[in-house]
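2 protein chains.
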Amino acid sequence: MTTIFDAPEEFATTALAGFSSIYARNVRLVKGGVVRSTKVPKGKVAVVVGGGSGHYPAFAGYVGPGMADAAVAGDVFASPSTAAVARVCRVADQGGGVLLGFGNYAGDVLNFGVAAERLRAEGIDVRIVPVTDDVASASAETPAKRRGIAGDLVVFKVAGAAAEAGLNLDEVERVTRLANDRTVSFGVAFGGCTLPGAKGPLFTVPKGEMALGLGIHGEPGIREEKMVSATEFAKLLVGKLLAERPADVRKVAPLLNGLGSTKYEELFVLWVAIEKELKAAGLEIVDPECGEFVTSLDMQGCSLTLMWLNDELETYWRAACDAPALRKGAIIATEPATDTLKDDEDAISFAAASETSRQSGACIARLIGEMAEALKQAEDELGRIDAFAGDGDHGQGMRRGSAAANDAAKAAVEAGAGAASVLAVAGDAWADRAGGTSGAIWGLLLRAWSNAFNDDAAPTDAAIVDGARRALDGVTRLGRARVGDKTLVDALVPFVETLERAFAAGKPLIEAWQAAAKAATEAAEATSSLTPKLGRARPLAEKSIGHPDAGAVSLALTARVAAGVLAQAAKA
Amino acid sequence: MTTIFDAPEEFATTALAGFSSIYARNVRLVKGGVVRSTKVPKGKVAVVVGGGSGHYPAFAGYVGPGMADAAVAGDVFASPSTAAVARVCRVADQGGGVLLGFGNYAGDVLNFGVAAERLRAEGIDVRIVPVTDDVASASAETPAKRRGIAGDLVVFKVAGAAAEAGLNLDEVERVTRLANDRTVSFGVAFGGCTLPGAKGPLFTVPKGEMALGLGIHGEPGIREEKMVSATEFAKLLVGKLLAERPADVRKVAPLLNGLGSTKYEELFVLWVAIEKELKAAGLEIVDPECGEFVTSLDMQGCSLTLMWLNDELETYWRAACDAPALRKGAIIATEPATDTLKDDEDAISFAAASETSRQSGACIARLIGEMAEALKQAEDELGRIDAFAGDGDHGQGMRRGSAAANDAAKAAVEAGAGAASVLAVAGDAWADRAGGTSGAIWGLLLRAWSNAFNDDAAPTDAAIVDGARRALDGVTRLGRARVGDKTLVDALVPFVETLERAFAAGKPLIEAWQAAAKAATEAAEATSSLTPKLGRARPLAEKSIGHPDAGAVSLALTARVAAGVLAQAAKA
Numbered sequence: 001m002t003t004i005f006d007a008p009e010e011f012a013t014t015a016l017a018g019f020s021s022i023y024a025r026n027v028r029l030v031k032g033g034v035v036r037s038t039k040v041p042k043g044k045v046a047v048v049v050g051g052g053s054g055h056y057p058a059f060a061g062y063v064g065p066g067m068a069d070a071a072v073a074g075d076v077f078a079s080p081s082t083a084a085v086a087r088v089c090r091v092a093d094q095g096g097g098v099l100l101g102f103g104n105y106a107g108d109v110l111n112f113g114v115a116a117e118r119l120r121a122e123g124i125d126v127r128i129v130p131v132t133d134d135v136a137s138a139s140a141e142t143p144a145k146r147r148g149i150a151g152d153l154v155v156f157k158v159a160g161a162a163a164e165a166g167l168n169l170d171e172v173e174r175v176t177r178l179a180n181d182r183t184v185s186f187g188v189a190f191g192g193c194t195l196p197g198a199k200g201p202l203f204t205v206p207k208g209e210m211a212l213g214l215g216i217h218g219e220p221g222i223r224e225e226k227m228v229s230a231t232e233f234a235k236l237l238v239g240k241l242l243a244e245r246p247a248d249v250r251k252v253a254p255l256l257n258g259l260g261s262t263k264y265e266e267l268f269v270l271w272v273a274i275e276k277e278l279k280a281a282g283l284e285i286v287d288p289e290c291g292e293f294v295t296s297l298d299m300q301g302c303s304l305t306l307m308w309l310n311d312e313l314e315t316y317w318r319a320a321c322d323a324p325a326l327r328k329g330a331i332i333a334t335e336p337a338t339d340t341l342k343d344d345e346d347a348i349s350f351a352a353a354s355e356t357s358r359q360s361g362a363c364i365a366r367l368i369g370e371m372a373e374a375l376k377q378a379e380d381e382l383g384r385i386d387a388f389a390g391d392g393d394h395g396q397g398m399r400r401g402s403a404a405a406n407d408a409a410k411a412a413v414e415a416g417a418g419a420a421s422v423l424a425v426a427g428d429a430w431a432d433r434a435g436g437t438s439g440a441i442w443g444l445l446l447r448a449w450s451n452a453f454n455d456d457a458a459p460t461d462a463a464i465v466d467g468a469r470r471a472l473d474g475v476t477r478l479g480r481a482r483v484g485d486k487t488l489v490d491a492l493v494p495f496v497e498t499l500e501r502a503f504a505a506g507k508p509l510i511e512a513w514q515a516a517a518k519a520a521t522e523a524a525e526a527t528s529s530l531t532p533k534l535g536r537a538r539p540l541a542e543k544s545i546g547h548p549d550a551g552a553v554s555l556a557l558t559a560r561v562a563a564g565v566l567a568q569a570a571k572a
Numbered sequence: 001m002t003t004i005f006d007a008p009e010e011f012a013t014t015a016l017a018g019f020s021s022i023y024a025r026n027v028r029l030v031k032g033g034v035v036r037s038t039k040v041p042k043g044k045v046a047v048v049v050g051g052g053s054g055h056y057p058a059f060a061g062y063v064g065p066g067m068a069d070a071a072v073a074g075d076v077f078a079s080p081s082t083a084a085v086a087r088v089c090r091v092a093d094q095g096g097g098v099l100l101g102f103g104n105y106a107g108d109v110l111n112f113g114v115a116a117e118r119l120r121a122e123g124i125d126v127r128i129v130p131v132t133d134d135v136a137s138a139s140a141e142t143p144a145k146r147r148g149i150a151g152d153l154v155v156f157k158v159a160g161a162a163a164e165a166g167l168n169l170d171e172v173e174r175v176t177r178l179a180n181d182r183t184v185s186f187g188v189a190f191g192g193c194t195l196p197g198a199k200g201p202l203f204t205v206p207k208g209e210m211a212l213g214l215g216i217h218g219e220p221g222i223r224e225e226k227m228v229s230a231t232e233f234a235k236l237l238v239g240k241l242l243a244e245r246p247a248d249v250r251k252v253a254p255l256l257n258g259l260g261s262t263k264y265e266e267l268f269v270l271w272v273a274i275e276k277e278l279k280a281a282g283l284e285i286v287d288p289e290c291g292e293f294v295t296s297l298d299m300q301g302c303s304l305t306l307m308w309l310n311d312e313l314e315t316y317w318r319a320a321c322d323a324p325a326l327r328k329g330a331i332i333a334t335e336p337a338t339d340t341l342k343d344d345e346d347a348i349s350f351a352a353a354s355e356t357s358r359q360s361g362a363c364i365a366r367l368i369g370e371m372a373e374a375l376k377q378a379e380d381e382l383g384r385i386d387a388f389a390g391d392g393d394h395g396q397g398m399r400r401g402s403a404a405a406n407d408a409a410k411a412a413v414e415a416g417a418g419a420a421s422v423l424a425v426a427g428d429a430w431a432d433r434a435g436g437t438s439g440a441i442w443g444l445l446l447r448a449w450s451n452a453f454n455d456d457a458a459p460t461d462a463a464i465v466d467g468a469r470r471a472l473d474g475v476t477r478l479g480r481a482r483v484g485d486k487t488l489v490d491a492l493v494p495f496v497e498t499l500e501r502a503f504a505a506g507k508p509l510i511e512a513w514q515a516a517a518k519a520a521t522e523a524a525e526a527t528s529s530l531t532p533k534l535g536r537a538r539p540l541a542e543k544s545i546g547h548p549d550a551g552a553v554s555l556a557l558t559a560r561v562a563a564g565v566l567a568q569a570a571k572a
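So the sequences go chain by chain: P and B.
Just so we're aligned, residue 1 is where the first sequence starts under full-length UniProt numbering, counting upward by one.
Just so we're aligned, residue 1 is where the second sequence starts under full-length UniProt numbering, counting upward by one.
Keep in mind the hints are simulated off the structure, nothing from the lab.
Computed from a predicted structure; not experimentally measured.
Treat the hints with caution; some may be incorrect.
Treat identical chains as interchangeable: a pair holds within one or across any two.
To be verified - Pairs of lysine to aspartate or glutamate residues, derived as EDC-like cross-links and limited to a Cα-Cα distance of at most 20 Å, are as follows:
id, residue 1, residue 2
1, 410, 355
2, 42, 339
3, 39, 339
4, 410, 456
5, 507, 461
6, 518, 500
7, 235, 225
8, 31, 339
9, 207, 6
10, 145, 473
11, 235, 10
12, 518, 314
13, 42, 335
14, 226, 209
15, 571, 466
16, 207, 232
17, 235, 284
Throw the hints in and build the complete structure from the sequences for me.
Encoded structure:
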């Protein structure tokens with residue numbers, strides 16, 4: 001709904017003043033509208049457009065070089081007065097006459113029409129072109145009865161380009177009428193908009209349905225249907241318009257327009273499907289536009305517009321323009337890139353490694369294989385524990401990540417990688433396949449650990465202990481969790497500290513590791529008595545009290561698995 | 001809510017593909033992001049930005065000359081993976097290193113941070129700048145804990161301009177950090193957004209309230225308050241930010257950002273009040289922006305961002321750029337207009353009129369005066385009749401319009417205007433002051449009638465009858481109503497036809513007019529038996545059955561008043 005306003009009756013006037021202040025480079029305010037704030041050549045045909053407010057960027061946003069010379073703005077969803085139209089036209093006229101464009105609505109037809117007669121009586125040559133693109137509003141046999149919707153942008157763009165090119169009023173009128181005759185739109189609404197100060201929406205659409213052909217002021221459409229997928233929706237929109245495709249048309253200028261609350265990402269998703277349909281129909285797409293061009297306050301919905309191009313219309317559609325709503329042409333001169341994008345999905349090649357480092361790499365790969373097997377076994381249990389505090393996907397993520405790390409480590413060993421490289425690629429693969437925060441943390445942990453190794457020699461015991469510290473530093477620096485936050489850090493800190501202390505006290509690595517794994521396990525179990533996890537999901541956090549953290553549990557588990565592998569390796 | 005999608009899990013990827021197709025001039029698609037599709041000089045610092053999807057134009061819309069070189073896109077409201085960040089950076093790097101910009105969220109800090117380490121290990125110099133503009137998310141004493149919201153656009157704009165200007169990586173990093181240190185934002189939500197495929201909104205805000213400081217992913221804000229007027233709202237937003245104004249700052253770059261469903265007109269209304277507050281604080285406003293720069297799907301709300309400018313930041317803020325989200329600089333060379341706008345509120349001067357035509361003009365003015373008096377008396381009754389089918393304002397409109405016509409006619413008589421001019425200006429004044437469709441119709445009716453007169457002589461009886469036909473033609477041509485539509489036309493048609501028939505049969509004008517007024521009155525009364533008015537307001541139309549049309553009734557009334565005036569004039 002419309003939320004921000006002072007007095008509702010001043011909404012349209014104040015909005016226009018704010019727009020004029022922001023876009024002072026393009027426009028200046030006159031009573032009832034805006035005119036260009038830049039010099040316009042004497043004798044140039046003035047393109048003046050307008051209609052009700054609440055449709056921004058229609059119509060004030062259309063003013064600028066290459067588009068309109070001025071725009072008249074009525075109250076919200078109401079035609080501007082005859083006087084306002086006449087006043088703005090008088091200011092905009094440069095002696096070349098005025099092309100007056102507006103949507104084909106009773107109030108606009110009346111006020112723009114009367115203003116045109118008044119101006120003609122004053123000696124200003126004025127031509128009117130009501131835009132009639134909405135195929136849902138009347139049959140193809142009675143095009144003059146059709147309403148104007150987002151086709152406004154397309155038709156006025158062509159009019160503006162023709163006037164900018166220096167055509168006289170007869171020619172600008174001819175080209176504008178041609179653009180209108182060859183422009184069709186079909187719109188759909190999913191939800192109503194709310195006028196400033198109104199208690200409820202102007203109309204509603206049943207939940208999960210779409211109102212086909214509903215007008216931009218809530219005028220009745222054709223019928224309501226169940227909402228469909230983007231692909232089906234694209235077929236519906238394109239199908240409605242292709243039914244009116246002239247026989248000789250091979251090129252089309254499409255405009256996909258959001259009505260307010262249907263957002264860009266949705267329109268881009270829809271565009272992918274529309275583009276496919278248009279190409280399947282053998283149409284070449286010229287300068288497609290996708291965004292908000294004719295809105296209806298916060299109405300939910302969109303429309304597709306197609307202009308059937310011929311050479312003349314294509315020229316004016318492609319021409320440069322510089323209005324708030326539409327800017328075409330280069331600001332900074334560039335050339336298209338000609339290089340082929342690097343494909344980093346290729347097999348990684350490894351630096352030459354020494355025999356001892358390669359043997360250590362194979363050992364690391366075995367260790368990761370054991371971890372992957374253990375995490376696969378523990379998947380359900382880890383998921384169950386995670387469900388108390390999170391979305392229960394920790395087990396899946398750990399299984400996916402460790403399996404990917406195992407594959408990558410094995411492939412690296414086969415490719416002759418040394419210890420550092422095997423551990424690094426395992427970490428990268430884990431992060432990339434596991435997803436989520438824990439995947440990134442595990443990738444970081446393994447890669448940071450690998451920085452203590454190299455590919456020239458087998459890692460020393462001291463390097464292994466140093467790696468653990470590096471892993472902890474990386475995880476706490478980039479992961480930002482501290483002990484007590486109920487994360488993997490709660491187990492990792494005692495693991496690393498115990499490992500370092502025991503090793504510094506002269507214990508063999510395997511014993512120090514076993515002690516560290518024990519400390520990690522105890523710490524993981526102790527997380528169940530900690531305060532709930534912080535975060536926005538408060539009900540989930542409360543549920544988690546008394547349950548251990550899944551990340552800490554899985555870290556302890558892998559530490560114990562590694563202890564076993566190290567013990568075996570020490571024996572061998 | 002988000003309505004258009006195929007599979008929800010493919011939403012972000014498909015949206016990015018659609019964006020890349022529409023903006024092929026700017027970008028090309030790589031796995032997980034987009035890079036510029038234009039040539040970039042070797043050695044230039046690459047500005048790579050990114051974060052979760054659902055915030056368009058953040059972040060893909062920031063790519064283009066003068067702004068970012070590439071953008072990484074995660075899933076909806078989720079950080080991109082480490083691998084995606086690293087992959088996009090590798091493609092974007094031109095040997096000058098990478099400035100990596102993202103909002104300060106745990107997932108992004110982790111993935112962009114890990115990717116930076118990975119890239120450094122590969123020999124690419126990477127600097128990271130997490131944006132921390134949201135003053136609501138942490139105190140001024142702990143800026144590093146603040147989240148990044150719409151300040152992203154401002155900080156990345158400066159970074160892009162610095163890189164485009166050829167600064168090296170150290171310098172680009174310094175300038176970007178400076179921009180971030182001097183950029184503050186405060187956001188407010190009025191309603192939640194809905195993720196693709198989700199059953200309900202991510203969060204809700206109580207109706208009529210606003211959630212201060214709520215994050216762009218629904219992170220908790222400071223508190224909820226009753227919604228206030230635009231003026232009060234502007235004070236709140238500006239006040240929150242001015243509290244952090246550095247002592248020496250005199251210039252500011254403001255960005256007023258809509259979150260999705262809070263639309264342009266609302267933002268423009270708010271901008272008027274914000275501009276006033278900023279100026280009152282002694283700040284010079286540089287290149288303000290108002291629109292959608294960091295959205296949250298269809299979230300309702302907005303944020304205000306201020307960058308405290310110094311000379312260096314002002315240079316980069318003003319620099320040309322050409323990205324889908326922001327274009328600065330001229331496409332078509334223009335000069336500011338230097339003329340002063342014509343003020344058409346000045347007194348109208350009339351063509352010289354003959355004495356007889358001036359006498360007729362005075363008679364017309366008297367006639368309009370009588371009509372105005374009669375319509376003033378009938379105001380309540382006309383309003384009551386109109387309320388059955390419309391909004392009950394017909395009486396008010398007719399009173400306002402006829403009073404304005406009376407004033408204008410009297411003034412014209414005093415200025416020496418002839419018959420045609422007096423009737424014409426009376427019509428114009430009626431249309432401009434009455435408002436609505438009936439005001440425009442009455443303006444048209446009187447002006448069209450005046451076209452049968454001139455200022456050289458008194459109108460003949462034949463000219464008066466001819467004028468009636470012209471009035472009918474104008475009203476039906478531009479008003480588009482037909483007999484039976486329950487409008488003024490239902491009374492005007494029998495009036496004109498009876499007048500013409502009786503006059504053609506040789507009756508004196510006054511008798512013909514009396515017969516015509518009688519026919520109009522009968523026809524107006526007969527509208528009560530007609531079918532309901534067409535239009536979208538079906539319940540109102542149904543209510544109108546059995547009640548006459550107010551427009552037809554008031555036409556008949558004025559016709560009878562005119563008959564009386566004509567009879568008096570004939571006697572005199």
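Going down the list of hints, with the structure as the test:
Proximity of residue 410 to residue 355 under the C-alpha cut-off of 20 Å is restricted to the intra-copy arrangement: shortest distance 16 Å within a copy versus 109 Å between copies. Taking identical chains as interchangeable, the C-alpha atoms of residue 42 and residue 339 lie at most 20 Å apart only when they sit on different chains, with a minimum of 12 Å there against 47 Å within one chain. In this assembly of identical chains, the alpha carbons of residue 39 and residue 339 lie at most 20 Å apart only when taken from different copies (9 Å versus 42 Å within one copy). Proximity of residue 410 to residue 456 under the C-alpha cut-off of 20 Å is restricted to the intra-copy arrangement: shortest distance 19 Å within a copy versus 104 Å between copies.
In this assembly of identical chains, residue 507 and residue 461 lie within 20 Å of each other by CA distance solely inside one copy; the values are 11 Å within and 124 Å between copies. In this assembly of identical chains, the alpha carbons of residue 518 and residue 500 lie at most 20 Å apart only when taken from the same copy (14 Å versus 110 Å across copies). Taking the closest pair of Cα atoms, residue 235 and residue 225 come within 20 Å of each other only inside a single copy of the chain (14 Å); across copies the shortest separation is 45 Å, beyond that limit. Proximity of residue 31 and residue 339 under a CA criterion of 20 Å is satisfied inter-copy only: 17 Å between copies versus 53 Å inside one chain copy.
Proximity of residue 207 and residue 6 under a CA criterion of 20 Å is satisfied inter-copy only: 18 Å between copies versus 31 Å inside one chain copy. Taking identical chains as interchangeable, the C-alpha atoms of residue 145 and residue 473 lie at most 20 Å apart only when they sit on different chains, with a minimum of 19 Å there against 71 Å within one chain. When the C-alpha separation of residue 235 and residue 10 is checked against a cutoff of 20 Å, the pair qualifies only between copies, where the shortest distance is 19 Å, while the shortest distance within a copy is 42 Å. For a Cα distance limit of 20 Å, the shortest separation of residue 518 from residue 314 qualifies neither inside one copy, at 74 Å, nor across copies, at 58 Å.
In the homo-oligomer, the alpha carbons of residue 42 and residue 335 lie at most 20 Å apart only across protomers (14 Å), although the nearest pairing inside one protomer, at 35 Å, exceeds that limit. In this assembly of identical chains, the alpha carbons of residue 226 and residue 209 lie at most 20 Å apart only when taken from the same copy (4 Å versus 32 Å across copies). Taking CA atoms no more than 20 Å apart as the test, residue 571 paired with residue 466 passes in neither setting, with 23 Å inside one copy and 118 Å between copies. Within a single copy, residue 207 and residue 232 get their C-alpha atoms as close as 18 Å, which meets the 20 Å cut-off; across copies the closest is 35 Å, which misses it.
Only within a single protomer do residue 235 and residue 284 lie at most 20 Å apart by alpha-carbon distance; the minimum there is 17 Å, versus 51 Å between protomers.
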